[in-house]
Structures are given as structure tokens and as C-alpha cells.
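Colleague: Residues per chain are reported as follows:
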Amino acid sequence: MSATAASIGMTRRLAPRTVLGAGATLLLLAFVLGASSGAYAISTAQLWGVLRDAWQGVVEPSPEHLVFMNIRLPRLMLGIAAGCGLGMAGAVMQGLFRNPLADPGLIGISSGAALAAGVTIVLGAWLWPVLPRTLGSWTLVSMAFGGGFLVTLLIYVLSRSESGTRMALMLLAGIAINALAGAGLGLLSVMATDEQLRSLQFWLLGSLGGARWSAVALVGVVVLLACAASLTLAAPLNAIALGESQAALLGVDVERTKRRAIVVTAFAVGAVTATTGIIGFIGLIAPHWVRMIAGPDHRIVLPASGLLGAALVLAADTVARTILAPAELPLGVLTAFIGVPMFLLMLRHYRHRI
Amino acid sequence: MSMHLRRRDTLRGLAAAAGLAALPAAFAQQGSKPPPRLITISGAITEVAYALGAQDQVVATDTTSLYPAAALKTPKVGYMRQLSAEGLLSMKPDAVIATTESGPPVVLDQLRSAGVKLELIEADHTWGEVQRKVQAVGRAAAREAQAQQLQRQLDAQWADVQMRVADDMAGRRRPRVLFVLSHSASPQVSGEKTAAHAVIGFAGGVNCLSGFQGYRPMTAEAMASAAPDVILTSNQSIEAHGGVERFWQRPELALTPAFAKRSLVTQDALLLLGFGPRLPQAVDELHRRLLAAA
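Top to bottom, those sequences are chains A and B. Just so it is clear: in the first sequence, position 345 is 344 by numbering that gives the first Met the number 0, and no numbers are missing. Just so it is clear: in the second sequence, position 86 is 85 by numbering that gives the first Met the number 0, and no numbers are missing.
A hint or two may mislead.
So the derived list for chain A, only partly shown, Cβ under 7 Å to chain B, looks like this [as the list claims (entries may be wrong)]: (1) 16; (2) 34; (3) 37; (4) 63; (5) 65; (6) 68; (7) 165; (8) 192; (9) 194; (10) 198; (11) 212; (12) 216; (13) 219; (14) 242; (15) 322; (16) 325.
Hints are computed from structural coordinates only; laboratory data are not their basis. Yeah, the Cβ is synthetic: ideal placement off N, Cα and C, and Gly gets one too.
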């Protein structure tokens, strides 16, 4: 089965172990680069001191210690979790839709989260004035997660037919619901005050600036579970690459695979988007990059997309928080600036197959 | 055996060196304190810091801090709603003075937990807002005496301006004023609970728009029915339109009484709407120009 899957696609590719090793190395490099650069000057010697103190436990932490442990490190960890979740979910979606242009936004997670975030920012004060008192800054996060999940559920229900979930139906329903959410956001932006509009705008551009350990723990656990679950989808997705009926003949429960793929994606991308806002293009380009060098076997594509996604987000965020220091750029701007040229190159590369 | 001894000695030596190295830092904290380093976020708050003579203490400002000109040369921490915790801390501030609109909240929490004093001032468009800014910056900059003095000065100016406006407007019809803001794309007009609404009222005019809060897009029919006698706008809006002539060409304004007389008052946005120490001056100027234009 994997031999058949591997014979599709391009000719020269690297061994699985090499690809995963390269992904991990890239991630490690991005992490070291991110850890050692930032607006707050922390020299390498100080960084070692901080790490030593963190290991031994320290009574009176230095300012460098506080900045690194409470601001920079949680941000790096959130970047890893976010990039990993987005990259992996992108690979799952492209496998499921058997379409190189698929990304997690297609099943409504991002637009649902954006709409819910917009409603919370603009109308939250009079729709549910009590909520922020109990949930505090988690209000926006939980609303966005809920919104993303509900819209995904809606699209899933709309794509059901007598013969199971139909991907073409899901694609169209997704496009329609995304357009509706876009219109809702447009309406909200008319009703919003200047400040609310700016908040919404920044949310839509994504940022890791809200990183704190509690959020890292939450997103980290969800993404870790989703990644573990996605690895069990590798073999069924390889079979689905041959066509749904062929996969069924090979003994794959196609309907169950679809359901699980959607749940895994909804949880991973939902948790990431709810905490960071919309980080575009990672879910689209990471799997493509991996497939170009490693071929279409999902047993490699899924974990390697996660590693590459994490490395890309860390690298983009390092630029985002240093290039204008002490101010910073929204992360979504940079992932698009890096993502779009790569996407265009990729289109050119695949021009004979589209 | 001797190897072991030597290693233990080396360790002890290292520990002693570490202890000694920590001493000067502890002394520095107890000794004479340098003046607090400030980050001021919002144009008016920066103005207050400069008015208090604390310019050497201002280590960074935000992108809305445009006055005085020296404030433009300070490092910029970005837009007030998109602050970066590490960026702010890299300027090593002792205090950050901002409005309650600043954020994101997580970043403010991180500043607090890093031991930075945070002063947040609510914008309610009253004279009290200006007073609170002066007090907050005075506290944060350890310049309470100067703050008291500035406060007295400003209060006197304010009482003066208010009295003059009341005298001039006694028995006179208050001009209906439309405030138009169009720094970028589509022009917006101000309703209730805006800085423009408050300033128009202070200067003896009346906002010709009511029944909604905040800013709305300008539409021709609504402007005709609002019937403003005077159009008030910012210099920046006129520049964005490419001059006064172009501004009057806007179709939304054509059916207003103000258009017939071409009565237009322009003012710098930060001076007019900032609610900083120049508010008495801004209101005084606006008052005179409203009377002249109406």
C-alpha cells in the first residue's frame, strides 16, 4: 500500500529518517535563534545563567531571568505548539480533501473563531457583561474556540448525505459558510468603535504576544494529543490518496477516518487560533514543502509538517518581535510575507499537475 | 586525594566570587535612587511628562506621541493596543503610564508581574481626565511637587477659559458643529461620548449629531438633516483630502448651512482631542474660531 502511495509524485526524495531528522534540526535551530534574540538584550552568558538558575531553583531572580522565563520562553513554546498544530492539521486536511490547496480554514475553524472573536470584541460588553468577570482574559479565547468548533460542526452536518460525508459538498459548504462569516465580520466592523476595530484587526493578523504558561499548557496538551491521534490517521489517509472507493476496498473505514480527521483538526487548529488569532499559510505551505522533498507518504508528511510548521512559526515570530523592537509586527503579516512567495514558487513547480 | 581537595577549593572559590559579585548590585539598589524611567503611552500623557520637565526620564513613547517634537525622537513601542511585553521591558522602565484602552491585557499583567509600576488612566472626556493624567505622571516620575504646581496653573487656565466661554455665550445661540475625521479612507463623524463631542461643548458649541455614541460614517442625507453651522475637522483630515478646496468638494457636505458660508475650523488632532495639558488652550482657540466662523 505504501509502496503504491510512494510511487505517486516526484522522483527524487530523501529517506524518512533524514527528513524527520532535518525537520527536528531546523526546529532546534529556530528555537535557539528565537531564545537568544529579542528586544530585551540577554547575552549568551546571561542565558546560561538563567537556565542554570531555572534548573537549580532561584530565590531572587534577575530581570533577565524574569523576562526569559515568563515572557520569551512561554512565547517560544506557544510558537512550537501553534506551528506544529497548524502544520500537522494542514497535512491532514490536504490528505483528506486530496487537494493541494486545502487548509484548515476550509472547514470553517478560522472563520468561525474570527466571527466569535469579533462578536466578543465588539458586542461582548452588552451581550454577556458577566462573562469577563468570571473568565477574565479567557473570555475571548473560549468564545473563539467555541465559535470555531460550532462552525466546523455546522459544515460537517451540511456535508452529510445518504452515502456518507461527501468531500465536494463539504468544500462548497465550507466556502459558503466562510463567506457568511466574512459578511458577519464586515457588519461587526461597521458597528465597532475605532478601538474595537483595531483590536479585531490585530486579532485577525495573529500574534504570539499573549503567551503565558497557562495558555501554553492548554494549547500544548491539545496539540500533543491531536498530533498523537493524527499519526493513527497516516495509514488510512495513504489509502484515501488512491480514492475513497479504493480505500474502502483496502479495508479502511473511510467515514470514520473523515470524522476523526475533522475532530483532530478542529481541536488542534481551534485551540491554536483561539489563543493566537489567525496565523495564515503555515497549514498550507508546511505540508507542501515536506511532500516536495519527502513524497506523499503520510507517515512522514504528518510528523514532518508539524516539525516544519513549528520551525516556520518560530522563525517568523523571531523576526516579528525583533525587527521593529521595542514595538512588534503582527505574526500573520510575516507568515504571509514568507508564505506567499513560497506558495507561488510551489504553484510554478506543480504547474503541469494543476 | 589532593585532586579532590583542589576541586573542593576551586568550588569554594567560585561560590565566594559569586557572592561578592552579588554585593555591588545589592548596594546599588539601596543607594541614592536614580529618577524613575518612564514609558508614556498616549500623546497627551507624553505631553504631561514633558510639561513636568520629565523629558529625560521618558525612555520610550507610543506612535500617538507626536508632541512636543522631541517626543518623536524617542524609541517607539508601537501602537497602544498592540504592546509587546519584552519590547517594553527592554527599555527597563520603572513605570508605564497609559490609558485604559491600552493592551493587550496579558502584556499589562506581564509588566505588573515584572515589577513595573503601571498607571492606567480612563478617558471620560472631562477636565478630571486631564487632572488625573497630571497626577499619575507626577506620581510615576517622582515629581509630585511639579505636578501640584502644573495642576494649579492648568486649573486656573481652565476656570478662566470656562468663564470666558460662559460670558460670550450668554443669551447667544450656540453654533451647531459637525466634527469630521478622515485621516484615511472614509470620513467619520462624531456622536456622543467622543472627545470631539466634549470639546465642542466646552467651546460653547453644540454637537449637531446626537442619538448615537462613538463615530459613524458620514452620509449626505444625515449631514443635511443635522444642519451644522460650522464644520470642525483636524489638520490631518484636510491634508488627507489634499487641501481645503478638495475637502469642500465632498458631496456629503453640499447640503449643509456650513457649506453655504464655507465655515470651516481646522485644528491639530492631538491638540483638539488629546485631553492633555494644552486642553485650555485648545478650547480657548476653538471657542474664538467658532464665534468667528458661525
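Colleague: Determine for every hint whether it applies to the structure shown.
Modeller: Here's how the hints hold up against the structure:
At about 37 Å, the closest approach between the beta carbon of residue 16/A and any beta carbon in chain B exceeds 7 Å, and the interface hint on this residue is violated. Against a cut-off of 7 Å between C-beta atoms, the interface hint on residue 34/A is violated, since the closest Cβ of chain B lies about 12 Å away. Interface restraint check for residue 37/A: the shortest CB-CB distance to chain B comes to about 5 Å, inside 7 Å, so the restraint holds. Given hint, residue 63/A at the interface with chain B, is violated; its Cβ is 10 Å from that chain's nearest Cβ, farther than 7 Å.
The closest approach between the C-beta of residue 65/A and any C-beta of chain B is roughly 5 Å, which is under the 7 Å cut-off, so the hint is satisfied. Against a cut-off of 7 Å between C-beta atoms, the interface hint on residue 68/A is violated, since the closest Cβ of chain B lies about 11 Å away. With a least beta-carbon distance of about 41 Å to chain B, the hint placing residue 165/A at the interface is violated under the 7 Å criterion. Evaluation of the residue 192/A hint against chain B yields a held restraint, the C-beta minimum of about 4 Å falling below 7 Å.
The beta carbon of residue 194/A comes within 5 Å of a beta carbon in chain B, closer than 7 Å, and the hint placing it at the interface holds. Against a cut-off of 7 Å between C-beta atoms, the interface hint on residue 198/A holds, since the closest Cβ of chain B lies about 6 Å away. Hint on residue 212/A is violated. Least Cβ distance to chain B is approximately 11 Å, over the 7 Å limit. About 15 Å separates the beta-carbon of residue 216/A from the nearest beta-carbon of chain B, more than 7 Å, and the hint is not met.
Annotation: interface hint on residue 219/A violated; nearest CB of chain B at approximately 17 Å, more than 7 Å. The restraint placing residue 242/A at the interface with chain B is violated, with a minimum CB-CB distance near 47 Å, outside the 7 Å limit. At about 11 Å, the closest approach between the beta carbon of residue 322/A and any beta carbon in chain B exceeds 7 Å, and the interface hint on this residue is violated. This hint holds: residue 325/A has a C-beta 3 Å from the nearest C-beta of chain B, less than the 7 Å allowed.
The structure shown violates the earlier hints numbered 1, 2, 4, 6, 7, 11, 12, 13, 14, 15.
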